[in-house]
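*Asks:* Under our numbering, the residues of the sequence shown are numbered 79 to 404, in order.
Quick caveat, the hints were computed from the structure, so don't treat them as lab data.
Worth double-checking, as some hints may not be accurate.
The following label-pair restraints were derived from C-beta to C-beta distances [said to hold, decoys possible]:
#1 A286 <-> T159: 42 to 50 Å
#2 S232 <-> S97: 40 to 48 Å
#3 A178 <-> A134: 17 to 25 Å
#4 G298 <-> D266: 17 to 25 Å
#5 S97 <-> V167: 28 to 36 Å
#6 G252 <-> S216: 14 to 22 Å
#7 L161 <-> D221: 24 to 32 Å
#8 T159 <-> E299: 33 to 41 Å
#9 S186 <-> S232: 36 to 44 Å
#10 A118 <-> T170: 21 to 29 Å
#11 T170 <-> D297: 21 to 29 Å
#12 E172 <-> E263: 34 to 42 Å
Okay, derived cross-link-like pairs now, SDA-like style, lysine to any residue, Cα gap no bigger than 20 Å in a straight line [stated by the list, open to error]:
#13 K277 <-> N132
#14 K183 <-> A203
#15 K277 <-> N126
#16 K115 <-> S225
#17 K115 <-> L220
#18 K115 <-> S229
#19 K277 <-> T129
#20 K277 <-> K115
#21 K183 <-> E295
#22 K115 <-> G251
#23 K183 <-> N132
#24 K115 <-> Q233
#25 K115 <-> R224
#26 K183 <-> S196
#27 K277 <-> L124
#28 K115 <-> V285
#29 K183 <-> T170
#30 K183 <-> K277
#31 K115 <-> A284
#32 K277 <-> Q233
#33 K183 <-> G133
#34 K183 <-> E299
#35 K115 <-> S234
#36 K115 <-> D222
#37 K115 <-> R235
#38 K277 <-> S250
#39 K277 <-> G251
Just so you know, these numbers come straight off a predicted model, no measurement behind them.
For glycine and all other residues, C-beta sits at the position ideal for the given N, C-alpha and C.
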Amino acid sequence: MALALLTARHAGASMVLPSTLTAMTSAEGETLLVTAKYNADAALLLENFVTQVNGAFCGPASATVVLNSLGAGQPMQPKGTYLDKEEYVYYTQESVFSDATEVVKPQSLVLRQGMSLSELSRFIAAHPQVNATHRYASDMTLDDFRSLLLSALSQSRTFAIVNFLRSALNESGGGHHSPVGAYNEAADSVLVMDVARYKYPAWWVAVADLYAATLSEQDGEDRGLVFVWTPPGDTPRVGAEYVTPGLDDGHAVRVVRVGALSGGGGGVSMWGAAMGAVLSFVAGVGLTAGAAWGVVLSGRASVAWGAGGRSDEELANLVSGAVGRR
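Input sequences plus hints: build the corresponding full structure.
*Replies:* Here it is in structure tokens:
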């Protein structure tokens, strides 16, 4: 089915896209979507799409689209709207704010300042029945960035939101959040579902160009990707990494097995002793000579745990509790 049947062709978009970007509703854009390796998220996002209601609400708008696409924890509508029925639950850019999100960042401040990457991640995670985490682009290579996006797009009930700098793509404006809806392998491009629909339609962009547009800062904090999934008890694998909410500092979580910290004859080697001392310090746990240890590294946090035959995923989950007790 042609996308023209699903969305008005360039309707509402008042600015011309740069030549390096391709409108989703153009003939080329439609072909890219139809032939995309991963495009299931695009249909869900289109079905639940909203345009941000003001210049600062790209974060809340992206959250609203993704939360409604997941269909989890949606609130009742206000009384007197004739929509206050259980079968009519859904998020709006007003009801997406709550007492829990006010703790993350008050709505009054979001209206004036917008949201950073970590604020949007924590804002979404404050909603019931969902979880969210973020990854800074500065901690990723281009291949990491692509792998993370593909991992999210290939998993059901997992969505990605990108935080980027518009001017780096020759668009008008500054920092911006929007969901990612599809990936076309042949073009090595992703579909950004731009929530500022009054400015631009949804558009295709080369992964390398989008990655470059995330390598900037907002008030001293890096840009990057937000991942949202449900149910919150599940731990989706993201590329070669594991999402661990308890270790959510925005840095990549990797499990590294360092092997036995012992030298010949059962004695502790100089390298082993030094590594053991370092890991004991950063992890707050003691290491035993001759034991194999799994180390979970996350940029600003590192935790060691006795491997004991545990899988990488088990180690990553265990470390969440360790960090929480530190």
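*Asks:* Taking the hints in turn, state whether each one holds.
*Replies:* Outcome of the hint check:
Here the CB-CB span from A286 to T159 is close to 46 Å, well matched to the stated 42 to 50 Å. Taken as a hint, the range 40 to 48 Å is violated for the pair S232 and S97, whose Cβ atoms sit roughly 30 Å apart. As the Cβ distance of A178 to A134 is approximately 20 Å, the hint placing it in 17 to 25 Å holds. One distance hint, 17 to 25 Å for the beta-carbon pair G298 and D266, is violated here, with the actual separation near 31 Å.
Distance hint check: the CB atoms of S97 and V167 are about 42 Å apart, inconsistent with the given range 28 to 36 Å. Judged by the Cβ atoms, the range 14 to 22 Å given for G252 and S216 holds: they are separated by roughly 18 Å. Distance hint for L161 and D221: a CB-CB separation of about 46 Å, inconsistent with the stated range 24 to 32 Å. Between T159 and E299, the C-beta spacing of about 37 Å keeps the proposed range 33 to 41 Å intact.
Take S186 and S232: their Cβ atoms lie about 38 Å apart, and the range 36 to 44 Å holds. Against the hinted window of 21 to 29 Å, the Cβ-Cβ separation of A118 and T170 comes to about 24 Å, which satisfies the hint. Against the hinted window of 21 to 29 Å, the Cβ-Cβ separation of T170 and D297 comes to about 27 Å, which satisfies the hint. The beta-carbon spacing between E172 and E263, approximately 39 Å, falls within the hinted interval of 34 to 42 Å.
Restraint check for K277 and N132: satisfied, since their Cα atoms lie roughly 12 Å apart, inside the 20 Å limit. A hinted pair counts as satisfied when its Cα atoms are at most 20 Å apart, and K183 with A203 qualifies at roughly 13 Å. For the hint pairing K277 with N126, the CA-to-CA distance comes to about 19 Å; that is within 20 Å, so the pair holds. A threshold of 20 Å between alpha carbons decides the hint, and for K115 with S225 the separation of about 14 Å falls inside it, so the pair holds.
For the hint pairing K115 with L220, the CA-to-CA distance comes to about 19 Å; that is within 20 Å, so the pair holds. A distance of roughly 12 Å separates the Cα atoms of K115 and S229; the hinted pair therefore holds under the 20 Å criterion. Proposed proximity of K277 and T129 is supported: the alpha carbons are some 10 Å apart, at most 20 Å. For a cut-off of 20 Å, the pair hint linking K277 to K115 is broken: about 28 Å separates their Cα positions.
Among the hinted pairs, K183 with E295 is consistent with the structure: their alpha-carbon atoms are about 19 Å apart, no more than 20 Å. In summary, the hint linking K115 to G251 is not supported, as the alpha carbons are separated by about 30 Å, beyond the 20 Å threshold. Of the supplied pair hints, the one linking K183 and N132 holds, its CA atoms being roughly 17 Å apart against a limit of 20 Å. Restraint check for K115 and Q233: the C-alpha separation of about 13 Å stays at or below 20 Å, so the hint holds.
In summary, the hint linking K115 to R224 is supported, as the alpha carbons are separated by about 13 Å, within the 20 Å threshold. Restraint check for K183 and S196: satisfied, since their Cα atoms lie roughly 11 Å apart, inside the 20 Å limit. With a CA separation close to 17 Å, the supplied pair K277 and L124 stays within the 20 Å bound. Taking the CA atoms of K115 and V285, the gap is about 14 Å. The hint holds against a cut of 20 Å.
Taking the CA atoms of K183 and T170, the gap is near 17 Å; set against the 20 Å cutoff, the hint holds. For the given pair, K183 sits about 26 Å from K277 by alpha-carbon distance, which is inconsistent with the 20 Å threshold. Distance hint between K115 and A284 is fulfilled; the C-alpha atoms sit about 15 Å from each other, no more than 20 Å. Taking the CA atoms of K277 and Q233, the gap is near 30 Å; set against the 20 Å cutoff, the hint is violated.
Pair hint K183 plus G133 holds up; C-alpha atoms about 17 Å apart against a cutoff of 20 Å. Taking the CA atoms of K183 and E299, the gap is near 15 Å; set against the 20 Å cutoff, the hint holds. The hinted pair formed by K115 and S234 meets the criterion: a straight-line CA distance of about 14 Å does not exceed 20 Å. Distance check on the hinted pair: K115 and D222 sit about 18 Å apart at the alpha-carbon level, within 20 Å; holds.
Restraint check: the Cα-Cα separation between K115 and R235 comes to about 17 Å, which is no more than 20 Å; the hinted pair holds. Between K277 and S250 the CA atoms are separated by roughly 9 Å; this keeps the pair inside 20 Å, and the hint holds. With a CA separation close to 10 Å, the supplied pair K277 and G251 stays within the 20 Å bound.
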